[in-house]
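So the chains spell out like this:
There are 2 protein chains.
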Amino acid sequence: MNKYILYKLKMEEKKILNGKNIANEILKSLDSQIVYYKNLGENIGLKIILIGENTASLIYTERKIKVANSIGIDAKLIKLSENTTFQEIKIIIDELNLDKDTHGIIVQLPLPKTLNAIDICNLIHYKKDIDGLSFENAGKLQLGFRGEYFHKPCTPSGCIYLLEKYNIDLQGKKCLIINRSNIVGKPLFHLLIEKNAFVQIAHSKVKNLNDVILDSDVIFSATGNNNFITRDMIKNDAILIDIGITKNIDGKICGDINFHSCFDKASFITPVPGGIGPMTIAFLMQNIVNVKKYFGNNL
Amino acid sequence: MNKYILYKLKMEEKKILNGKNIANEILKSLDSQIVYYKNLGENIGLKIILIGENTASLIYTERKIKVANSIGIDAKLIKLSENTTFQEIKIIIDELNLDKDTHGIIVQLPLPKTLNAIDICNLIHYKKDIDGLSFENAGKLQLGFRGEYFHKPCTPSGCIYLLEKYNIDLQGKKCLIINRSNIVGKPLFHLLIEKNAFVQIAHSKVKNLNDVILDSDVIFSATGNNNFITRDMIKNDAILIDIGITKNIDGKICGDINFHSCFDKASFITPVPGGIGPMTIAFLMQNIVNVKKYFGNNL
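Protein sequence lines correspond, in order, to chains A and B.
Here the first sequence is numbered in our numbering, starting from -19 and rising by one per residue.
Here the second sequence is numbered in our numbering, starting from -19 and rising by one per residue.
This is chain A alone, in the form it adopts within the complex (with noise of 0.2 Å):
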């Protein structure tokens, strides 16, 4: 290869904010982290509930608990009928939260329709709700809490966490997010608060929303619509962040942003598979050797 096609690859290469690394540098620095609990004889715990069939959720839970248990973390799945009712759940959950091996619980979401996805996440102690979805830990976040630790959503922590291992500043960029749920947008939005970005949150009820995709610095997309944005779309030099993650009608691994379209426009950009979604669980791990970390003689 000559020189500059070299020093292309090289700059290339630059542009791709590599999730897949950065997470696994995490999950080395966690797996010897648990490795000096272990050798104190102290395990830990992760309990994650899911209830009903859903084939998607049954893959997204697989792949915490192996990835969980590939670093040392006892993590267990506990599989509960789509008919289990909110008080039998809570009685599983009160048990959890009083169990001192469990450190981290997790109830996978989407729940079934009769099942109220907000009262059930919040009956996890703070200490061990470790995807952030209690009021005490959503609250701590959306005031700018900056006492004992508390858990912040997983992928929005994720993101910010991998602009910052770029060096990508965040202060006054006009950065769009499209998506409003309570465990990507909402938290995405307090955190690039604090981190003084210009913030915009769109969704489907948007009007003219290609017009605010082309007018943003940095785009974190969210919508599980495979490659809807493309190169037409965005702005020279834009940052783009792709949360989201589909499969194709062939059945490839996509996500919103239309990569190979984008690529040489943008400054930087997620891929998928191997940006976001490793992100996401590395700081699903971390979190919960943070409950052992900032919680373990008090839980």
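Just so you know, these hints were derived from the structure itself, not from any lab.
Treat the numbers as computed from the prediction; the structure is a model and nothing was measured.
Accuracy of the hints is not assured; some may be wrong.
When chains are identical, the list treats them as one kind, so a pair holds in a single copy or across two.
[As the list claims (entries may be wrong)] Only pairs whose alpha carbons sit at most 16 Å apart, straight line, appear in this in silico EDC-like list of lysine to aspartate or glutamate:
{"no.": "1", "residue 1": "K59", "residue 2": "D99"}
{"no.": "2", "residue 1": "K185", "residue 2": "E174"}
{"no.": "3", "residue 1": "K273", "residue 2": "D217"}
{"no.": "4", "residue 1": "K185", "residue 2": "D149"}
{"no.": "5", "residue 1": "K145", "residue 2": "E(-7)"}
{"no.": "6", "residue 1": "K187", "residue 2": "D197"}
{"no.": "7", "residue 1": "K56", "residue 2": "E75"}
{"no.": "8", "residue 1": "K187", "residue 2": "D149"}
{"no.": "9", "residue 1": "K185", "residue 2": "D197"}
Starting from the known structure of chain A, fit chain B onto it as the hints suggest.
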């Protein structure tokens, strides 16, 4: 006056979002609810804690107490010296939390620099936290909790209610909030997202703020820079919600928005005084009465 002038005056009147009138309606309805409780021999109590010497804060607290007393709420000021410690404040708030005759507790902000507002506001029991600044209440707002009544910050609630009263639909509208505080900008963001608005939050670190203002359908401004938004800065038919309140060099009360210069161009506009100010006070009173209404037997 000829017909045309009368018509024009009537049209112009329709433009003004008359917070004072709407606030008075709310206060009147509260008044009759309070009379109902009084007839049962039950009082409603408010305590405002004011720490240190701050002329503006003293004026605000006195205004709140005056309005509260005028509708039959038993409101009292607790004045503490600038050197009061967190522990001393905690003892006072803990006592008020347990006091059956105290329904609402306010810690007047800003606090002396030695004290942390987030930590202190969170000492207030969420049922009595009528400013909506405890983790519990902020978290419920952020997550879109739909269960038991909870307190939301009064200024954002007042803005939304005023717009509703004038049948102004926010769905899909490009809304700009110029403020990112815990008591105004952030909760207003959550209320607007619930209304399906396209929400943007700006602050002092945002570049090209003027471009953003010019491009917005609805502007909520709470900067305290008097009259800084002028006719040339807004789009035709913009909706202007003025949350700023300051005095100009002549001692005249002003908002962020230059009312006279913007009036013709805007489709709706709130005056200062007589707009969001009275709405805030009315919602504060409503929150206090709601403590009695929703938690009365369970304080």
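Notebook entry, point to check: Can you list which hints this structure breaks, lowest number first?
Noted result: Numbers 1 and 3, in rising order.
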